[in-house]
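Asks: In case you want the letters, here they are:
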Amino acid sequence: MELFTEYGTLLIILAGMFGFFMAWGVGANDVANAMGTSVGSKALTIKQAILIAMVFEFAGAYLAGGEVTSTIRKGIVDTAIFAEQPDYLVFGMLSALLAAGTWLMIASIMGWPVSTTHSIVGSIVGFAAVGVSVDAVNWDKVSTIVASWVVSPVLAGTISFALFRSVQRLILIHDNPFERAKKYVPFYMFAVGFLMAMVTMLKGLKHVFKDIGVQLNFSETAVLAAIFGLLVAFLGTYLLSKVKRDESLEVNDRFANVERVFAVLMIFTACSMAFAHGSNDVANAVGPLAAVVNVVSSGGDIAAKSAMPGWILLLGGAGIVVGLATYGFKVMGTIGRKITELTPSRGFAAELGAAATVVLASGTGLPISTTHTLVGAVLGVGMARGIGALNLRMVGAIFVSWVVTLPAGAALSILFFFFFKGVFG
Amino acid sequence: MAFSNPISDLFGKSPIKPLQEHMSLVVKCSSQLTPFFDAAIANQWEQASDIFDSISKDEDHADELKKQFRLNMPKSLFMPVSRSDLLGILAHQDSIANLSKDICGIVLGRKMDIPKSLQADFLGFIKSAIQTSEQALKAINELDELLETGFVGQEVKFVQKLIRELDAQEHRVDKKERKLRLGLFKIEHDLPPIHVMFLYNVIDNIGEVADTAERVGNRLELLIAK
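Those protein sequences? They're chains V and W, same order as listed.
Numbering-wise (our numbering), the first sequence opens with residue 138 and increments by one.
Numbering-wise (our numbering), the second sequence opens with residue 462 and increments by one.
Don't read these hints as lab results, they were simulated from the structure.
In this text, a Cβ means the ideal position worked out from N, Cα and C, and glycines have one as well.
Where hints are given, some of them may not hold.
[What the hints assert, rightly or not] With a straight-line Cα cutoff of 25 Å, these simulated BS3-like cross-link-like pairs (lysine-lysine) come out: (1) V:LYS347 to V:LYS179; (2) V:LYS179 to W:LYS489; (3) V:LYS319 to W:LYS618; (4) W:LYS478 to W:LYS489; (5) V:LYS475 to W:LYS489; (6) W:LYS478 to W:LYS572.
[Unchecked claim] Partial selection, computed: residues in chain W whose CB lies under 8 Å from chain V: (7) PRO467; (8) ILE468; (9) LEU471; (10) GLY473; (11) LYS474; (12) PHE539; (13) SER545; (14) ALA581; (15) GLU609; (16) THR610; (17) TYR661; (18) ILE664; (19) ASP665.
[To be verified] One side of the interface only, derived from the structure: several residues of chain V facing chain W at Cβ under 8 Å: (20) GLY173; (21) ILE310; (22) HIS311; (23) LEU376; (24) PHE392; (25) ASN394; (26) GLU478; (27) GLY525.
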């Protein structure tokens, strides 16, 4: 297409800038939310949290983020409809990125609990439905995604509830909670390692395995994941062996030493949280960018099957890191100061419940909101009588943000779509 | 930039620490009854007046904490314990402080003379009553550990034991009250009637301190049993 030969580079640069902006937002807000619980429960310092986030966000995006990226890139819109007009897809994805970024900016200035995922999905649906035609939206997929937004916090809450109940049963109700914590915490570490490895191998590394000619069936994958889980548990046991009981801490709080054991576990769940977040939310920035680059570089051939260039992911990762470094650390600090009530024994249950849910969604290619999932998980621990006080008004605010974000993102995206169409078209 | 964050805003202020702070202030009030009555019996009214002022100040402070506590208790707060039980405990705690202040107020205002033959029993009675309030504080101070365990297991049994002890202490206070009343009854004809009336009134109020401490314990039991 003429447009692409003439303006191709400009379009890619624009998409890169918008994608970077979006990734910056993810790093500044979402990652901070995901990691804030670890900072709040004092299991990690802000610096450690940022370091973990950098490594595992990237690992998550790279190893397990493919499915969600592909959903954002070509699952929400019906690509067949765009075959005649690939330029619309390019304008649309550019508008979606810009709209979602703008909306997130407005929302964070106003202090609304808006999700990056919801913004980008709303924006994509908006330009496709209004800018092109209602049929251009893959409504089945969209309704599955929207349903998953309701299901994911509930599922995370259920898992976290069960996790915390198991901690009560196995550790807290007994006379010697410290010894029991040391005995049982490695099992949770195993679960963390197993889960992450399982999803990564089943979904993320599928194409890598295919390339190197390895074929694993489900049970072989499970065995490998179990081995990985064991390795994680061994590493954890080693770290736990360094935690010695300090009687002087128990004068004021008899469970102080138990919490120190859980603080070690929380390092692992924080890694899994960052991994899960990377596998799901990086796609919000990278997916539309990938769609633009794909169409432009193939000269307008939507159906062209090209692997996602590595630099796109790097750009997304870099945006997140910059977002963390410029603004995210502040958010983490604020969260950390505000949620002093969350002890590691609860924080881990909430994080693991949320991480498991998010990773599961990533494996199925469903873009969900990590923050809202985490809110559901925390409520789950609260249901198990684990947390001093939770503010239910937040739940209402989240619900309102769902209702507002979709049309707001869509409206902005439509606006930008016609703007781009006017400028380039 | 307005800062609001879904994760940090989700966490409310836990009511447990403030409740414990309130109770320790209340016990600070009630435990001053012993030095107060020591001074009163010794006819040291200036000293007694100082102690009354101190109790009064602590009671004011407790009232302030109570107000703050209630203001921080919106209905939208989701807690592991029932809101009404917490507010009930707070109200009982607060009346212990009020009672302590009232008792001292009457005794000080009337420069009340406690009959010699009753003095020893009187002081013993007061000490036991104060003990119940201290025992109630001990139970309230377990609330953070209860929360840590999620209100299950050994910790619950431990608190239930504390509450049983509190009940037993209250029974002992009752016994002492009966004995003291009987002693007063025997000599009441020799004393000015209005004076006797107020003596009974003070005894009632001291007994009420123990009853109220027991009520704190009972309400705590309900709160655990949710």
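Asks: Hint by hint, note whether the structure agrees.
Replies: Against the structure, the hints come out as follows:
For the proposed pair LYS347 (chain V) and LYS179 (chain V), the alpha carbon gap of about 42 Å is over 25 Å, so the pair is violated. The suggested pairing of LYS179 (chain V) with LYS489 (chain W) is violated, with an alpha-carbon distance near 33 Å, which exceeds 25 Å. Proposed proximity of LYS319 (chain V) and LYS618 (chain W) is supported: the alpha carbons are some 24 Å apart, at most 25 Å. Taken as a hint, the LYS478 (chain W) and LYS489 (chain W) pair is honoured in the structure, with Cα atoms around 17 Å apart against an allowance of 25 Å.
For the suggested pair LYS475 (chain V) and LYS489 (chain W), the alpha carbons sit about 31 Å apart, so the restraint of at most 25 Å is broken. For the proposed pair LYS478 (chain W) and LYS572 (chain W), the alpha carbon gap of about 38 Å is over 25 Å, so the pair is violated. A least Cβ separation of about 4 Å between PRO467 (chain W) and chain V falls short of the 8 Å threshold, and the interface hint therefore holds. With a cut of 8 Å, the hint placing ILE468 (chain W) at the interface with chain V holds, because the nearest CB-to-CB distance is about 5 Å.
Contact between LEU471 (chain W) and chain V, as hinted, is supported at the beta carbon level, the nearest pair being about 5 Å apart and thus within 8 Å. A hinted interface residue such as GLY473 (chain W) counts as satisfied when its beta carbon comes closer than 8 Å to some beta carbon of chain V; here the least separation is about 3 Å, so the hint holds. Taking 8 Å as the C-beta contact cut-off toward chain V, the hint placing LYS474 (chain W) at the interface holds, the least distance being around 6 Å. Interface restraint check for PHE539 (chain W): the shortest CB-CB distance to chain V comes to about 4 Å, inside 8 Å, so the restraint holds.
Given the 8 Å rule on beta carbons, the hint for SER545 (chain W) is violated: about 15 Å separates it from the nearest Cβ of chain V. With a cut of 8 Å, the hint placing ALA581 (chain W) at the interface with chain V is violated, because the nearest CB-to-CB distance is about 37 Å. Hint on GLU609 (chain W) holds. Least Cβ distance to chain V is approximately 5 Å, under the 8 Å limit. The beta carbon of THR610 (chain W) is positioned within 8 Å of a beta carbon in chain V (closest approach about 4 Å), and the interface hint is therefore held.
Hint status for TYR661 (chain W) relative to chain V: violated, with the closest Cβ pair at about 43 Å, above 8 Å. Hint on ILE664 (chain W) is violated. Least Cβ distance to chain V is approximately 38 Å, over the 8 Å limit. For the restraint placing ASP665 (chain W) at the interface with chain V, the shortest Cβ-Cβ distance is roughly 38 Å, beyond the 8 Å limit, so the hint is violated. A least Cβ separation of about 5 Å between GLY173 (chain V) and chain W falls short of the 8 Å threshold, and the interface hint therefore holds.
The criterion of a C-beta within 8 Å of any C-beta in chain W is met by ILE310 (chain V), whose closest approach is roughly 3 Å, and the hint holds. Given the 8 Å rule on beta carbons, the hint for HIS311 (chain V) holds: about 7 Å separates it from the nearest Cβ of chain W. The closest approach between the C-beta of LEU376 (chain V) and any C-beta of chain W is roughly 22 Å, which is over the 8 Å cut-off, so the hint fails. Because the beta carbon of PHE392 (chain V) sits about 5 Å from the nearest beta carbon in chain W, less than 8 Å, this interface hint is met.
Of the supplied interface hints, the one on ASN394 (chain V) is violated, with its beta-carbon coming no nearer than about 12 Å to a beta-carbon of chain W, more than 8 Å. For GLU478 (chain V), the suggested interface contact is upheld, since its CB lies about 5 Å from the closest CB of chain W, less than 8 Å. Contact between GLY525 (chain V) and chain W, as hinted, is supported at the beta carbon level, the nearest pair being about 3 Å apart and thus within 8 Å.
The structure does not agree with the numbered hints 1, 2, 5, 6, 13, 14, 17, 18, 19, 23 and 25 stated previously, though it agrees with the rest.
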